[in-house]
Amino acid sequence: MGMNDKLTVLNPIGFAPTVTRKELAPRLDTLDGKTVYLVDCRFDDSDVFLKQMQAWFAEHMPGVRTVFKPISSVYLKDDPTTWEEIRARGHAAVVGVGH
Amino acid sequence: MTIEAQYGVPTVAVHTDKFDRVVRSVASVNGMPGLQQVFVPQPVMGKSARELRAYVDGNDPLTGRLVMQEVIEGLTRPFDDEDLKPVEFDRSTPRLCAPDTEENLHRLFLENNWTDTLPIVLPTEERVAAMLAHTHRKADEVVGHMRPTYFREYWEYTVEKVAVNAVMAGARPEYLPVILALAATGASARGSTTSSMAAMAVVNGPIRHEIQMNSGTGAMAPYNHANATIGRAYGLLSQNLQGGSVPGLTYMGSQGNNYAYNSVTFAENEERSPWEAFHVQQGFKPTDSTVSVFTGCRSTAFTLGLREKHWREHVRNMLRGMDPHIPPTLLLDPITARQFIDRGGFRTKAALIDWLYDNARMPATEYWDYQLVQNYLYPRATFGEEPWASKLKAAPDELIRMFRREDIHVVVVGGETNGYWRIMGCTYQKTVSVDEWR
Numbered sequence: 001m002g003m004n005d006k007l008t009v010l011n012p013i014g015f016a017p018t019v020t021r022k023e024l025a026p027r028l029d030t031l032d033g034k035t036v037y038l039v040d041c042r043f044d045d046s047d048v049f050l051k052q053m054q055a056w057f058a059e060h061m062p063g064v065r066t067v068f069k070p071i072s073s074v075y076l077k078d079d080p081t082t083w084e085e086i087r088a089r090g091h092a093a094v095v096g097v098g099h
Numbered sequence: 100m101t102i103e104a105q106y107g108v109p110t111v112a113v114h115t116d117k118f119d120r121v122v123r124s125v126a127s128v129n130g131m132p133g134l135q136q137v138f139v140p141q142p143v144m145g146k147s148a149r150e151l152r153a154y155v156d157g158n159d160p161l162t163g164r165l166v167m168q169e170v171i172e173g174l175t176r177p178f179d180d181e182d183l184k185p186v187e188f189d190r191s192t193p194r195l196c197a198p199d200t201e202e203n204l205h206r207l208f209l210e211n212n213w214t215d216t217l218p219i220v221l222p223t224e225e226r227v228a229a230m231l232a233h234t235h236r237k238a239d240e241v242v243g244h245m246r247p248t249y250f251r252e253y254w255e256y257t258v259e260k261v262a263v264n265a266v267m268a269g270a271r272p273e274y275l276p277v278i279l280a281l282a283a284t285g286a287s288a289r290g291s292t293t294s295s296m297a298a299m300a301v302v303n304g305p306i307r308h309e310i311q312m313n314s315g316t317g318a319m320a321p322y323n324h325a326n327a328t329i330g331r332a333y334g335l336l337s338q339n340l341q342g343g344s345v346p347g348l349t350y351m352g353s354q355g356n357n358y359a360y361n362s363v364t365f366a367e368n369e370e371r372s373p374w375e376a377f378h379v380q381q382g383f384k385p386t387d388s389t390v391s392v393f394t395g396c397r398s399t400a401f402t403l404g405l406r407e408k409h410w411r412e413h414v415r416n417m418l419r420g421m422d423p424h425i426p427p428t429l430l431l432d433p434i435t436a437r438q439f440i441d442r443g444g445f446r447t448k449a450a451l452i453d454w455l456y457d458n459a460r461m462p463a464t465e466y467w468d469y470q471l472v473q474n475y476l477y478p479r480a481t482f483g484e485e486p487w488a489s490k491l492k493a494a495p496d497e498l499i500r501m502f503r504r505e506d507i508h509v510v511v512v513g514g515e516t517n518g519y520w521r522i523m524g525c526t527y528q529k530t531v532s533v534d535e536w537r
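Chains as they are written, first to last, in my numbering: chain A, 1 to 99; chain B, 100 to 537.
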C-alpha cells in the first residue's frame with residue numbers, strides 16, 4: 001500500500017442520547033419581598049461562601065429574605081425533600097458552589 | 100438543573116471559573132443551554148470567610164461583571180430568544196470515517212481526542228471483523244451505557260464499537276471477550292473527577308491462561324501483551340464510548356494519573372495464592388472466567404514483607420496513610436500472602452479483612468476533618484446513613500474505624516522475586532463474566 005492510498009476505518013465514538021430541551025422557570029419581576037434559598041451543595045467550603053452571600057443580601061438588599069439551606073446528603077443524590085421545600089416556601093434559588 | 104426544570108424555581112448556579120466549559124456543556128446536553136450560571140475564582144476550598152466575601156463582592160472572572168449583579172439578573176431578567184431557542188444539534192455517530200491516507204487518519208484520531216496520545220492501530224474493517232470473530236455476540240448488540248461523571252448523560256455502545264477500540268489499543272482478537280466484559284461493567288476508566296482517578300481490572304479464571312495473561316513477575320506492567328493492551332482498550336473504550344475525555348470539558352483531573360495508561364490490568368495469581376480467588380469471593384465458580392473492576396485508583400502505600408516484631412504497627416501505619424474516603428485493596432505478592440498466614444494466622448482472605456477492618460482506625464476528630472470525608476461522608480452521616488451516622492456520635496478522641504468492612508479487598512499478584520506488597524486505595528465496582536462474551 002502506498003503512502004497516498006486511502007483507507008476506510010471505523011469511527012470509535014459511542015452513541016449519544018437525544019437532547020431534549022427543558023423549560024426554564026419564569027424569572028421574577030423583582031427580588032424585593034421575595035425569599036431566595038441559598039442552597040449549599042456541601043462541597044469544598046461552599047457553606048462558607050454562601051453565608052457570605054447571605055450577608056451581602058442583608059447589607060445591600062434587606063428587602064430580600066434569604067434562607068441558607070444545605071442539601072440533605074451528598075450532591076450525588078437527588079434531594080426531592082429540599083426541592084419541594086424551596087418550591088413551597090421560596091421564590092428563587094442560588095445553588096453553589098460547583099467546583 | 101433539577102430544581103429549575105422539574106420544580107419550576109428560577110435558579111442561578113454558582114461555579115468556580117475552572118469549570119466554565121464543563122458546566123456549560125453539561126447544561127447544554129441536558130437541554131438547558133440557557134441555565135443561568137455565575138462564576139467565582141477557583142478555589143473556594145480552604146479560603147477564609149473574609150476571602151470568600153471578596154469573591155461575593157468581586158467580579159465574575161470570566162465576564163468581568165459584578166458577581167452579585169449577575170446573580171440578581173439571573174433571577175430577574177426575562178429570557179430572550181437566545182435563551183429559549185430550540186436545542187437541536189447533530190449528535191449522530193457515523194459508522195465510518197471519511198476515507199483518507201494512513202498519516203491523515205492517525206492525525207484525525209489524535210486531533211479528535213480519540214486516543215491516549217500514544218500511537219494506535221487504525222481500526223480498518225478487516226481488523227474489526229477479525230476482532231468480532233472472537234465473540235458469538237452480534238456486532239450491533241448493545242453492550243452497555245457509560246458516562247464520565249454523575250451529571251453527564253449516558254452514552255450507548257455496541258459490540259462493534261467495543262471491537263473498534265480494542266483494535267486501536269493493539270489488542271489481539273482473542274482478548275475481545277475480556278474487553279467486552281469490561282465494557283459491560285458500565286464503569287468508566289476515564290472518570291472526569293478532579294481527583295484524577297484511574298481504574299484497575301483483575302482477571303480471574305481459565306481465560307488468564309488461554310490468552311497468556313501475566314499474574315507473576317511484572318504482572319502490573321509493562322511486560323505482558325494481554326495485560327497491557329486489554330487495560331489500554333479499557334481506557335480507550337471508556338473515553339470514546341462515554342462521549343469523550345477531554346481536559347476542561349469531559350475530564351477535570353487536576354494532576355492526571357499514569358495508572359490510566361493501562362488501567363492497572365492484571366491476572367490474579369490464583370495458583371500461588373494460599374486463599375480462594377477473588378472471583379470466587381464474589382460468588383463465581385473457580386472455573387468461571389471473570390473480570391473485576393475497581394475505580395478511584397490514585398493512592399498507593401508500599402512496603403516489604405511483614406516483620407515479626409512490629410508487622411501490626413507497620414500495616415496500621417500504611418492504612419492510616421490512606422485517605423479514609425478511599426478504601427484499601429491489598430495487592431499481595433504470594434510470599435506476603437503466606438506471611439500474613441504465618442504472622443497473623445489469617446487462613447482466609449475474610450479473616451485478614453476482618454483484622455484490617457478492626458485495625459484501620461483514627462481519632463474521630465481527624466477523620467471528620469478530612470476534606471473528602473467532609474464532601475462525601477459527612478453529608479451522608481447527617482442524613483442518617485450508617486455506619487457514618489453512628490460514627491458521628493463518637494467522642495473527638497475516640498478511635499473510629501476508617502473504612503466499611505465490605506469495601507476492603509485482597510488480591511494476590513506477583514512473581515515471588517520478593518515479598519513486596521502495596522495497598523491500592525480504590526473502590527470495587529463489580530465482577531462480570533467473561534464467558535458470556537465469548
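Keep in mind that the hints are not guaranteed to be accurate.
Dumping the calculated DSS-like pairs for lysine-lysine here, alpha-carbon to alpha-carbon at most 27 Å [stated by the list, open to error]:
| id | chain 1 | residue 1 | chain 2 | residue 2 |
| --- | --- | --- | --- | --- |
| 1 | B | K237 | A | K77 |
| 2 | A | K69 | B | K529 |
| 3 | B | K490 | B | K237 |
| 4 | A | K51 | A | K69 |
| 5 | A | K6 | A | K69 |
| 6 | A | K69 | B | K184 |
| 7 | A | K77 | B | K117 |
| 8 | B | K237 | A | K69 |
I should point out that these hints are in silico values taken from the structure, not numbers from a laboratory.
Against the structure, the hints:
1. K237(B) x K77(A): violated, 36 Å
2. K69(A) x K529(B): Answer violated: K69(A) to K529(B) is near 35 Å, above 27 Å.
3. K490(B) x K237(B): violated, 50 Å
4. K51(A) x K69(A): holds, 10 Å
5. K6(A) x K69(A): Violated - the C-alpha atoms of K69(A) and K6(A) are around 60 Å apart, more than 27 Å.
6. K69(A) x K184(B): The given pair, whose Cα atoms are some 32 Å apart, is violated under the 27 Å limit.
7. K77(A) x K117(B): Cα-Cα ~23 Å, so holds.
8. K237(B) x K69(A): This hinted pair is violated, its Cα atoms lying about 51 Å apart.
This entry does not satisfy hints 1, 2, 3, 5, 6 and 8, going by the numbered hints stated previously.
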